[in-house]
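Student: Sequence:
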Amino acid sequence: MMDINTINEKIEKLETNLNIQKGRRDIVEKNLNSKLDKINTLKNDYSVLSQVEILLNMASEYGREQAKTQVESLVSSCLSFILETDIEFVIELTDGKITGADFYVVSNYDGYTVKTQPENSRGGGIVDIISLALRIAMIEIYNPKIEGPLILDEPGKHVSEEYIFNLGEFLRKSSTMFHRQIIMVTHNKYLSEICDKSFLVEQRNSVSKVTNLEIEK
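Residue numbers (the working numbering): 1 to 217.
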């Protein structure tokens, strides 16, 4: 028969092992959620790129080239402004019964260039920035003109913190330039403070509470 000390030791070992297993489970869950989040982001970005391809395919040859140039210019300007570097967005059209489109990022350095697909490009949330710029380009060049606000869900979610200020300035300038209201959902403190109006939404016991935040100008 085991004495009380032996029983306590076994209980402690079981508790230690249980805590280790819980820690491993938490790590697996965190990695899984991160991967699922990345998959959802890629799906959304793929959807935007597909819409651009459809738009280019529907246009006439002249209209297609015009739309291509407009999209390239706006996205390139967005990338250069936010990342503060010499970088371009390039669309390459492929001819056939259905016009296809490939998308590239071209980084210009001293004496040489590097051309890659957006998803294989360097860090800093390149894909996020391109996706944002494409949404703005699509809504602005579409004919007939699309009225109403531009609604963004977590813009620049994966953009490095060092570029968030530039991202906010780009959104502000875009709103002014295109005379279009921007409504966005964000967890980023800086982005929530550059707006004309900001609201904090908190959920407790399945009930959402909305608070009007004071913004310092």
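Please keep in mind that the hints were generated in silico from the structure rather than gathered at the bench.
A portion of the hints provided could be inaccurate.
Just the calculated beta-carbon pair ranges, DEER-fashion [claimed, not checked]: (1) 92 / 185: 20 to 26 Å; (2) 214 / 102: 28 to 34 Å; (3) 27 / 119: 23 to 29 Å.
Mimicking PhoX-like on lysine-lysine, the simulated pairs with C-alpha atoms at most 20 Å apart in a straight line are [stated by the list, open to error]: (4) 173 / 189; (5) 145 / 157; (6) 145 / 30; (7) 209 / 173; (8) 157 / 115; (9) 35 / 157; (10) 68 / 115; (11) 38 / 157; (12) 22 / 38; (13) 10 / 35; (14) 68 / 157.
We put the CB at the ideal spot given by N, CA and C, even for glycine.
Student: Does each hint hold? Answer for all of them.
Tutor: Hint-by-hint comparison with the structure:
1. 92 / 185: 20 to 26 Å: Cβ of residue 92 to Cβ of residue 185: about 34 Å, so the range 20 to 26 Å is violated.
2. 214 / 102: 28 to 34 Å: 47 Å, violated
3. 27 / 119: 23 to 29 Å: 26 Å, holds
4. 173 / 189: 19 Å, holds
5. 145 / 157: Violated: residue 145 and residue 157 sit about 28 Å apart, past 20 Å.
6. 145 / 30: 43 Å, violated
7. 209 / 173: 31 Å, violated
8. 157 / 115: 24 Å, violated
9. 35 / 157: Roughly 14 Å between the alpha carbons, so the hint for residue 35 and residue 157 holds.
10. 68 / 115: 18 Å, holds
11. 38 / 157: Since the Cα atoms of residue 38 and residue 157 sit roughly 11 Å apart, the hinted pair holds (cutoff 20 Å).
12. 22 / 38: 24 Å, violated
13. 10 / 35: 37 Å, violated
14. 68 / 157: 26 Å, violated
Comparing the model with each earlier hint shows violations of hints 1, 2, 5, 6, 7, 8, 12, 13, 14; every other hint is respected.
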